[in-house]
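So you can see what is in the structure, the chains are spelled out below.
There are 2 protein chains.
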Amino acid sequence: MPVLSIRDATRSDLCFIIGLIAHDTVLDLIDDPAQADGDDYAAAFQAIDSDPNQHLLVAEIDCTPVGTFQLTFTLGIFRRGAWRCTIEGVHVSSEHRNKRIGEAMMVWAIERARERRCSMVQLTSNKKRTDAHRFYERLGFSRSHEGFKLYI
Amino acid sequence: MPVLSIRDATRSDLCFIIGLIAHDTVLDLIDDPAQADGDDYAAAFQAIDSDPNQHLLVAEIDCTPVGTFQLTFTLGIFRRGAWRCTIEGVHVSSEHRNKRIGEAMMVWAIERARERRCSMVQLTSNKKRTDAHRFYERLGFSRSHEGFKLYI
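Chain order of the listed sequences is A and B. So in my numbering, the last spot in the first sequence is 1102, and the numbers never skip. So in my numbering, the last spot in the second sequence is 1102, and the numbers never skip.
It is worth saying that the hints were derived from the structure and are not from the lab. There's no promise every hint is true.
Pairs involving identical chains hold if they fit within one copy or between any two copies, as the list cannot separate such chains.
Said to hold, decoys possible - Derived DSBU-like pairs (lysine-lysine); straight-line CA-CA distance at most 35 Å:
1) K1099 with K1078
2) K1049 with K1099
3) K1077 with K1049
4) K1099 with K1077
Note that the coordinates shown come from a computational prediction; the quantities given were computed from them, not determined experimentally.
Isolated chain A, as found in the complex (with noise of 0.2 Å):
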């Protein structure tokens, strides 16, 4: 298997991220890759890298791009106010499903969050995601909890 590594994302990664988003067929969003240079999306990117709790990444083969994710460390009273790990926009590119690169992706999701001292990694799954309900369960996580969203 190549060896796959695991970077923080730069401003110059958001037509591959904003790209592989607008492809998922699940989400019904309003993103678009040729407008990856807007203000909306490089004040995002600005606010994620200057906050030290706050990680955009890009996994990469040979020096390109194939899949994304991001963490957010938030700490809370509960736990002896334990450090929590959250995973949000776990992405890999179609052309290189079935390579095992977003089980090594939440590994190292995973050991991240222990380096940090977390007690929980947590995340949500669109129920539609039935093939990705059994991956987070084969990497033992435990689906223990109902996902509520509510758009504004």
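Chain A is fixed; fit chain B onto it per the hints.
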């Protein structure tokens, strides 16, 4: 109905907040309100309090705390770099249930999310909390996702 007010938590609210968590019958936690002055909780409170994107809140009636919740604001790339509001740690004192306090807290949270121009409010709820699920659906939330947790 008495007037409910919602404000940022202070350090002196930690004993109340930890007490609510410790009495939760679904969570299996290690928290003890007798240790509210401990370093773990103080460090977590300080980090939350100094982060403009995290808010620990207390609801009170006639200067008496009756509930708590936490809001976290995060940015993503999708939806043209939109903000999301995540609600966690929602608890109401057992002696103040069935007074629509939880509803008032969630309506307040959704208003704050609108003010911060979020595109979405999200939360997860343990599958055992079936009453809470109906409550969130009545508020307009869609139970569209599975919520996965991995304790590490």
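Status of each hint after checking the structure:
no., hint, in the structure
1, K1099 with K1078, "both (14 Å within a copy, 18 Å between copies)"
2, K1049 with K1099, "both (31 Å within a copy, 24 Å between copies)"
3, K1077 with K1049, "both (23 Å within a copy, 32 Å between copies)"
4, K1099 with K1077, "both (12 Å within a copy, 15 Å between copies)"
No hint from the list above goes unmet by this structure.
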